[in-house]
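Working from the sequences, and respecting the hints, build out all of it.
Protein sequence lines correspond, in order, to chains A and B.
For the first sequence, position 3 (counting from the first letter as 1) is numbered 16 according to the working numbering, and the numbering increases by one without interruption.
For the second sequence, position 335 (counting from the first letter as 1) is numbered 838 according to the working numbering, and the numbering increases by one without interruption.
Since the hints were derived computationally from the structure, they do not count as laboratory data.
Any given hint could be a false lead.
[To be verified] Straight line, CA to CA, 25 Å or less: simulated DSS-like cross-link-like pairs of lysine-lysine: (1) B:585 to A:122; (2) B:616 to A:88; (3) A:85 to B:610; (4) A:85 to A:170; (5) B:585 to A:144; (6) B:610 to B:621; (7) A:137 to B:584; (8) A:88 to B:610; (9) B:624 to B:610; (10) B:584 to A:144.
[Claimed, not checked] Derived list of chain A stretches under chain B, where covered just means 3 residues or more per stretch with a C-beta under 8 Å from a C-beta of chain B: (11) 56-65; (12) 69-81; (13) 121-130; (14) 133-144; (15) 153-162; (16) 166-174.
The model shown is predicted, which means the values in this text are computed figures rather than measured ones.
Ideal Cβ positions, reconstructed from N, Cα and C, are used throughout, including at glycine.
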Amino acid sequence: MSRELQMNKYIIIYSIGLTPLLLLGQTETAWALQSHSAPEGLYVHQMAHLLFMGALAYLYWHTRYSPVLISKGWKYLRLFCILLFCWNLLAFAGHQAFEHLTSSDFINKNNLTEQIAPPLSFVKVLYSVTKMDHFLNVPALLTLTISLRTFYLEVLKEDSL
Amino acid sequence: MTALPLLPAVAVEFFGSGLAILFSFTALWYAWALVRLRPDNFIWGFLFYFCIAMAAFSLSRGVGHMVRIFLVYSDHEPIWKKLSPYSGGFNTMLMISVAAVTIYYHKGLEAYKAIRAKAEKLTEANTNLATSAEQLRQLNSHLEEMVEERTRNLSESEKKFRNFFQNSKDIIYFCDINGIITNINPSGIRLLGFDAQQTSVNFHHLFNNANVLERYLAELHDNGSVSDLEMQCTGKDGTTRHILLSANALYDQHGKIIGCEGIGKDMTRIKTITEQLINQEKMASIGQIAAGVAHEINTPLGIILGYTQLMMDDFTQDSEMADNLKVVERQTTACRRIVADLLKFSRQSESEKSRIDINRIIEEVLSVTEHTLNLHQISVIRRFDANLPAIFGDAEKLHQVFINLFNNAQHAMQDGGKIILQTGKTVQDVRVSVEDTGTGIADSIRNKVFDPFFTTKEVGKGTGLGLSVTYGIVQEHGGTIQVESPRIDPTTHLPSPGTAFHLRFPAIAKNNTNDKEHQ
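Structure (structure tokens):
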């Protein structure tokens, strides 16, 4: 057994042995657990959008410059990346815009006749536009479907030869 | 400023959510189908997981939106307030999942490429190994057959070339750098006339002419080959052979000449025939000239002789003038005899031909000359064919043929010897050979012996017309005469000193009754 593995073994044994002792001690002043206030969820969601955009950008870049990925299906996949990237950007903007709106900015809230109250501002218009993010999301998923279908048909054709 | 209605946005949100779920699951189905078709393909595997995450995200988000619209617009907002954090949390988690799958793709793809490259190499190595194993197996199983086939082919090839070597009518030989013959075919042994058991024969020593040998060696050395070189060699039997030689030099791996291989064609017969044809043409030309000269001289000689004889009547026998006229008459008569011989040579003299037995003609000549021959210690050996067919000829002229030949034989045997007379027949011809054991005829003059006035005798002892007349008479009879020196002994078939004249006359067919003809 190597020296490092032996060290790890000792650390695990000591940790398991010390944990009950620590739990039995005074915990009020330890503050081991951190509380999560309300905006954290939004921040995490927005960060998830940014991470998603980064992942899509990477996927686009790799499929664009990888010499072996020359099938037509990859072009559709890259289009999917662009559209979904834009959707993420729009959704990110929509979430941010919503944070600047209050109940007074809506008329007949929670009703099918709901409206954005005048006077219209950039944030209000931006919010109303981002509410229709499916105009990007749905075409993105459609191109993903077409891309996968193209790959599938190509493989079928190869097998039939 | 008017308010901005949100109903269109809500409608887009509701139906868009449904379509998003539909498309994301359709994409997932295709990804699943791809993975089913290519389970080992990493990229399709990645897309499958990506689509799972996207479908889960679309489902979570779409359902969330639709539930929100349903609850909020049906006055159940408090319920949505409770569900909303869960929906948002799911959405966040699934977005992170999609991103994680994509990031994982990078490392996964690298690993997949590395594994695939190694797998391809391994597959290639396996394929090569399998191919080699198969080749080895086939080689093993067919080795015996292949060896047999190769051996058979080699044997056939060897047999073919051996047959060619053995049966060729030309000389085929191989010799080393010093000219020692290492291999020669039977035709070569026969034509060059040496013993098959002879262990060491130097090809260079067979050349009669040193200049030809020098040229042969120089061309082999300079050009690596010799083409159509005419060489003369003398075999063990002493006969001179004319060989048309083509040879190639043999080299070792360093390009150094180690010997040569060659083919020689025996041209002796062709050369002899050519010489005979040339000789015949020459004799015909000389004959025409001789006939012209003889005719022109004959008349004045007749006039000189006539007037001389007339003048002799005018003087007494004992007078000096009469003596002088007798000298003129004698010399003129000698001239007329020469002219007569020239006419015989040129076949211009008159003939009286009849059915003749050549044996009898020879006996008649011998009855006159044999005594003289015996006095010169020359014995005559007769080997006559008793059933010889008759020929059609002039007896007197044929007498002269044999007289001339016996005279020549006697002249060639000053210290005595033998004259061997042999007659024989073929289907159409009567053949006569007159051989002597004399000094023979040198190669350089053999072609001239039938020329008029060519003689080896001292001046005044011969006119040089004897063999010319003989040649003319034989030609006149439709026959041929050939000289052979040194002669081949008919009993031993070996070259022997002396000369042989071979005569051939056309025989008369048995049903031919026309036995006399005047020309």
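The hints, checked one at a time:
no.: 1; hint: B:585 to A:122; result: holds (18 Å)
no.: 2; hint: B:616 to A:88; result: holds (21 Å)
no.: 3; hint: A:85 to B:610; result: holds (24 Å)
no.: 4; hint: A:85 to A:170; result: holds (14 Å)
no.: 5; hint: B:585 to A:144; result: holds (22 Å)
no.: 6; hint: B:610 to B:621; result: holds (17 Å)
no.: 7; hint: A:137 to B:584; result: holds (23 Å)
no.: 8; hint: A:88 to B:610; result: holds (22 Å)
no.: 9; hint: B:624 to B:610; result: holds (21 Å)
no.: 10; hint: B:584 to A:144; result: holds (19 Å)
no.: 11; hint: 56-65; result: holds (count 6)
no.: 12; hint: 69-81; result: holds (count 4)
no.: 13; hint: 121-130; result: holds (count 8)
no.: 14; hint: 133-144; result: holds (count 5)
no.: 15; hint: 153-162; result: holds (count 7)
no.: 16; hint: 166-174; result: holds (count 3)
Of the numbered hints listed earlier, not one is contradicted by the structure.
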